[in-house]
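J.: Spelled out from the first residue to the last, the chains are:
Protein chains: 2
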Amino acid sequence: MTDTTTASSLPATLRQTPTPALVVHLPTFDRNMATMAESWPGPSLRPHVKAFKSTAMARRLADAGHTSFCAATPREIEGLVAAGLGDDVLLANETLDAARLGRISDHAQITVAVDSDVTLDAAIHGGVRSVLIDVEVGLPRCGCDVDDAARLADLARAAGLDVRGVMGYEGHLMMVMDRADRARRVEAAMEILLTAHASVGGTIVSGGGTGTFDTNRWCTELQAGSYLLMDNQYDTLDLPFEKSLSLMGTVISVSAKGWIVVDAGLKALGMDHGNPTWDHGDVFFCSDEHTTLLPREPGEWSVGDRVHLWPGHVDPTVARHEQFWVVDGLDADDVVLDRWPIDLRHW
Amino acid sequence: MTDTTTASSLPATLRQTPTPALVVHLPTFDRNMATMAESWPGPSLRPHVKAFKSTAMARRLADAGHTSFCAATPREIEGLVAAGLGDDVLLANETLDAARLGRISDHAQITVAVDSDVTLDAAIHGGVRSVLIDVEVGLPRCGCDVDDAARLADLARAAGLDVRGVMGYEGHLMMVMDRADRARRVEAAMEILLTAHASVGGTIVSGGGTGTFDTNRWCTELQAGSYLLMDNQYDTLDLPFEKSLSLMGTVISVSAKGWIVVDAGLKALGMDHGNPTWDHGDVFFCSDEHTTLLPREPGEWSVGDRVHLWPGHVDPTVARHEQFWVVDGLDADDVVLDRWPIDLRHW
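If you read the sequences in order, they're chains A and B.
Mind the numbering: the first sequence is residues 88 to 434 in my numbering, read in order.
Mind the numbering: the second sequence is residues 88 to 434 in my numbering, read in order.
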């Protein structure tokens with residue numbers, strides 16, 4: 088078990104599990120983990136915990152040899168370190184709250200991304216000891232201009248920090264549908280990052296993600312997390328990973344007019360990529376605590392039935408829940424094997 | 088103070104508040120509360136806690152005379168009862184998990200909506216003592232057929248339950264933009280509910296919401312919650328309520344190319360009604376933990392600045408956060424007056 092929950096306090100089966108509930112199909116999860124490890128074994132993969140926010144899941148990755156992690160928030164780093172998973176953790180994001188990480192630096196190797204004088208000053212004065220220079224490679228988000236990378240590295244080294252290298256996230260290319268086009272554009276983005284690396288030094292070139300895991304051949308380490316659970320968005324790409332995460336609801340109402348209603352809605356889902364999908368019919372619409380479904384065979388559904396929905400976007404869906412329920416089958420009578428707390432949420 | 092937080096442990100000002108953070112502008116909040124109370128005073132309003140999920144906020148409503156509440160989940164009911172706010176609480180939703188409510192029925196007056204034999208059986212066997220018959224009035228969601236209401240009421244009374252009346256939610260009419268059209272259609276929906284009431288009996292006709300607060304004149308009590316905090320969606324209607332809830336982020340990166348990045352993204356927002364808005368420029372796009380903004384005056388923004396975004400949909404936004412920070416001004420140097428825990432989340 089992964090926290091204070093004991094086996095006897097687990098719901099026996101999915102039918103006994105309170106809904107809405109996030110369900111992880113363990114055989115699929117493990118297959119995704121193994122498939123990625125063929126391309127990016129051991130510490131060459133730096134799993135991104137923002138996609139799953141669970142130290143139990145991070146522990147499973149560490150047990151498989153992936154002992155370095157990256158994160159999007161200080162709280163994720165704090166949680167990893169508190170769980171004994173701080174061998175090599177990277178805040179792959181800018182923060183002014185670096186003192187939170189400096190305070191726990193005796194217990195872990197913590198590296199922070201910086202892209203400006205202000206975020207570098209925050210790292211220095213916050214007691215952070217290692218940084219990566221974050222370089223903008225085409226995504227309109229964080230990252231310094233490639234021509235400013237060496238200057239920031241010099242400032243960091245002058246202040247006594249270890250500059251371990253560079254990072255640059257080609258997030259704008261994750262969903263380029265055509266593989267050849269994606270590969271070309273990833274190469275162009277990584278040329279920018281390698282130019283920065285040449286001027287910065289260090290051993291690390293960190294970047295990439297699930298969508299570019301097999302087209303990005305220039306990073307020394309890949310930042311990927313979504314591949315483990317997947318979602319409808321990533322599933323539209325030609326990736327060898329399969330969806331292992333579903334949202335389970337209970338049918339609470341059946342209308343003679345042909346729709347059924349489950350107790351899983353907007354508050355259990357990330358909706359930025361639209362409605363979830365359902366294998367047995369159409370999703371009509373989602374409300375705060377409901378989803379109305381249009382079954383292909385309305386007569387087959389009864390109040391009390393369990394229903395699995397496939398979320399559009401994994402990261403913001405996970406962040407709404409307190410735990411994953413781990414199974415090896417999605418039938419209502421399948422046994423619940425474990426509970427993995429989603430303990431790295433919030434900020 | 089509303090929980091174990093003491094005044095001295097509050098951040099002094101918004102500049103010291105960790106971000107992303109939900110901020111409630113108290114003067115606007117109180118004005119919204121007073122405006123609604125003019126139309127629906129005291130217990131004629133049954134505030135819907137699903138919109139704000141905070142017993143501290145519910146306490147403020149109770150202090151203003153609104154001592155009955157409605158909720159969408161068993162956990163919301165449990166939390167209200169535990170906080171001493173269980174004088175008259177309604178689960179305005181179907182549940183098979185009624186035993187959770189039966190267990191706390193000695194300490195509160197708990198009423199549960201039922202719309203089928205199965206959910207009624209769950210209430211009976213779960214030890215629930217009072218029900219409303221939930222009637223479908225046009226929204227394709229929960230609610231029995233109007234012609235089935237009397238039968239369910241008879242079954243409930245035969246089992247010894249108190250049938251307090253009916254409820255029916257005209258949620259499909261909340262966003263009808265034309266007032267006259269909205270009023271006509273609300274009247275037609277409420278005719279269905281009054282027909283059901285005539286056959287069911289009891290003293291309660293419960294329905295309505297923020298969008299129909301002044302067009303629904305047939306309910307004995309209004310179920311409204313969004314009016315307190317409001318959002319961009321409700322703000323498009325001709326309502327006398329103003330937005331009192333903003334999402335505050337910190338600028339963590341400024342690009343010479345004209346965009347700035349704040350540390351508040353998809354995981355801090357309900358996105359089913361699209362991007363948030365910003366008073367000082369355009370929202371370019373939201374990522375998991377970032378929003379990229381295009382300021383009208385890019386040169387005016389620096390790393391460390393605080394930014395307020397206006398969420399599209401209040402309910403699923405609130406459900407992502409641990410607390411509201413209460414202020415009477417939105418400048419970074421404005422004092423934080425209180426912390427209201429969002430303690431009714433999850434299921």
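By construction, these hints were calculated from the structure, which means they are not laboratory data.
Incorrect hints may appear among the rest.
Computed Cβ-Cβ distance ranges for the label pairs, DEER-style [what the hints assert, rightly or not]:
id, chain 1, residue 1, chain 2, residue 2, range
1, A, Gly-391, B, Asp-234, 22 to 30 angstroms
2, B, Asp-150, A, Glu-409, 29 to 37 angstroms
3, B, Gly-247, A, Gly-386, 26 to 34 angstroms
All C-beta atoms in this analysis are idealised placements derived from N, C-alpha and C, irrespective of residue type, glycine included.
J.: Now tell me, hint by hint, if it's right for this structure.
T.: Tested hints:
Distance hint check for A/Gly-391 and B/Asp-234: the Cβ-Cβ separation is about 23 angstroms, which falls inside the suggested range of 22 to 30 angstroms. For B/Asp-150 and A/Glu-409, the Cβ-Cβ distance of about 31 angstroms falls inside the hinted range of 29 to 37 angstroms, so the restraint holds. Checking the proposed 26 to 34 angstroms range against B/Gly-247 and A/Gly-386 shows it holds: the Cβ atoms sit about 33 angstroms from each other.
The structure agrees with every numbered hint stated previously.
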